[in-house]
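A.B. asks: Given chain R, put chain Y in place with the hints provided.
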Amino acid sequence: MNLFADALTWLGDPSHWSGRTGIAQRAAQHLGVTAGALAIAATLALPTGILVGHTRRGRSLVVAISGAARAVPTLGLLTLAALALGIGLQAPVLALVVLAVPSLLAGAYAGVESVDPVTVDAARAVGMSEFQIITRVELPLAAPVVVGGLRAATLQVVATATLAAYVSDTGLGRYLFTGLRSRDYPQMLAGALLVAALALLLEAVLARLQQLATRATTSTPRHGAPARLAASLEGHA
Amino acid sequence: MKLRTRTALTAATITTALALTGCASSDPLAQEDAASQSASSEIVIGSQDYYSNEIIAEIYAQALEAQGHAVDRQFRIGQREAYLPELEDGSIDLFPEYSGPLLQYWQPETPARLADDVYAELVTAIPDGLRALDQSPATDQDSYVVTRAFADQWNLATIADLAKVTEPLTLGGNSEGENRPNGPQGLKNAYGVDVAFSPIEDGGGPLTVKALADGDIQLAIIYTADPTIAENDLVTLEDPSGLFLASHVVPLASDAVDQEAADTIDRISAAMAPEDLVALNARSVDEQAPAATIAAEWLRAKNLMS
Chain R
0 MNLFADALTW LGDPSHWSGR TGIAQRAAQH LGVTAGALAI AATLALPTGI
50 LVGHTRRGRS LVVAISGAAR AVPTLGLLTL AALALGIGLQ APVLALVVLA
100 VPSLLAGAYA GVESVDPVTV DAARAVGMSE FQIITRVELP LAAPVVVGGL
150 RAATLQVVAT ATLAAYVSDT GLGRYLFTGL RSRDYPQMLA GALLVAALAL
200 LLEAVLARLQ QLATRATTST PRHGAPARLA ASLEGHA
Chain Y
0 MKLRTRTALT AATITTALAL TGCASSDPLA QEDAASQSAS SEIVIGSQDY
50 YSNEIIAEIY AQALEAQGHA VDRQFRIGQR EAYLPELEDG SIDLFPEYSG
100 PLLQYWQPET PARLADDVYA ELVTAIPDGL RALDQSPATD QDSYVVTRAF
150 ADQWNLATIA DLAKVTEPLT LGGNSEGENR PNGPQGLKNA YGVDVAFSPI
200 EDGGGPLTVK ALADGDIQLA IIYTADPTIA ENDLVTLEDP SGLFLASHVV
250 PLASDAVDQE AADTIDRISA AMAPEDLVAL NARSVDEQAP AATIAAEWLR
300 AKNLMS
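So the sequence lines, in the order shown, correspond to chains R and Y. Heads up, the first sequence is in numbering that gives the first Met the number 0, so the first residue is 0 and it goes up one at a time. Heads up, the second sequence is in numbering that gives the first Met the number 0, so the first residue is 0 and it goes up one at a time.
Pulled out of the complex, with its shape left as it was, chain R reads as follows (with noise of 0.2 Å):
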């Protein structure tokens, strides 16, 4: 207990929150080295899950391949990329990807694949093209599906990012390595609670926009084609 309460004097300190190495910068750090781990796990992995959802096909890959990337411990990849790339934020961004990836794929190709084969049949029954069907059927309709995947992944990116602090001077993964080292325990503490406090933050966020997105498919909107056509074919099926 006594610990926590250094940790909150630690975190109350105002010369810890500015400059080159204060809790403001490293904070920003963190959420861009999460972000750009997220887009570019979300550039390769949300075309292809959406892809694997709507033709069907490749499925066992995607689940194999993910499964196997869910197994990697991201410290163990993190060296070897190094040991490959030399230090900076190469390693760990590409070890980030890979722990983001999975969850995202998973998320796009259930989503997709979750959409009832009979709205889908209508839709290239009214004449859509395949492209249309994705943009306009498929996607708005796994929108809450693929937004979990985001969800989850976004979580395990956040928690994770400390890591990046393993081989460069970003991040608040900072205060936790030299807090562990030196045995600072507060500043360990408080850099943990700065990371639990970022990554509930995006957690709330994500919520929302699930909720949101679950709203948009489930409730009879006035306007969007999409769910319209999906709601008026429910009372055909």
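By construction, these hints were calculated from the structure, which means they are not laboratory data. One thing to keep in mind: the hints can contain errors.
Unchecked claim - Partial pick of chain R residues on the chain Y-facing surface, computed with a CB cut under 8 Å: (1) 15; (2) 78; (3) 165; (4) 177; (5) 185; (6) 192; (7) 195; (8) 201.
Each residue gets a CB set at the ideal place from its N, CA and C atoms; glycine is no exception.
C.D. replies: Same frame as chain R, now just chain Y:
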């Protein structure tokens, strides 16, 4: 509290295991004989949870056994905070230590940095019931290293020579190094050299060596006894101002270690050159050879098994 319980449990387990192996490997009569003999002269030897320290402890153990002493090995105990109280209360009799860090345990504010000053201070700082035997020339301390190419390019031999380098310098090391006395600030105070800092959390391991080779960092902090230095053709910069605390191998002994045993240990310390310690460590790292084998072969090679 938890740690202490675990240490006690481990100690109990080891003791039981030793007792059991003792029963199994020798006939009961001989056992009794040995036990009654050793009651007065059994020497408990401890070691840190650090492979290099364990090898030194094993060397002590085998040399004393060869002399007819009964030895109880309590190896891989852990941090100084865990085992020094056991030495102070007489549960452990002999422990390979390192002069500077040991002195700092009792005198955190000590200004002594160079080997002889540290040893002189240490002798007076040690509490009653314990004593430091002779310190060995072998050291295991932090040092600044550079690549051979970089040392040749700027003609570097000592840390002070870094002042000649006109390019920006970056020091790589564990993150706590940034604020330690031997970090950038200490380097500036002691030698007037400005360096930037880049954290690499592998304690002078392969990532640090890679960063040196890539030129991402020019300076790294690596233990002098680390085989990495020779393997990667790195150059250790001399430290005439004593920026790094001297850390010579020094045996810490209780009164249970008699003069004869102490003489044996002193002979070992004198025979152990800095290169010897590096070579011992290299055998452990490269060949994964067990401490007992490494110790026995070194003792034989140095003709210390009498």
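A.B. asks: Each of the hints needs a verdict: does it hold here or not?
C.D. replies: Going through the hints against the structure:
A cut of 8 Å between beta carbons decides the hint on residue 15 of chain R: the least distance to chain Y is about 13 Å, and the hint is violated. For residue 78 of chain R, the interface hint holds, since its Cβ comes within 8 Å of a Cβ in chain Y; the closest pair sits about 7 Å apart. Of the supplied interface hints, the one on residue 165 of chain R holds, with its beta-carbon coming within about 5 Å of a beta-carbon of chain Y, less than 8 Å. Taken as an interface hint, residue 177 of chain R checks out: its beta carbon lies about 4 Å from the nearest beta carbon of chain Y, inside 8 Å.
Taking 8 Å as the C-beta contact cut-off toward chain Y, the hint placing residue 185 of chain R at the interface is violated, the least distance being around 14 Å. Given the 8 Å rule on beta carbons, the hint for residue 192 of chain R is violated: about 18 Å separates it from the nearest Cβ of chain Y. The beta carbon of residue 195 of chain R is not positioned within 8 Å of any beta carbon in chain Y (closest approach about 20 Å), and the interface hint is therefore violated. Contact between residue 201 of chain R and chain Y, as hinted, is not supported at the beta carbon level, the nearest pair being about 25 Å apart and thus beyond 8 Å.
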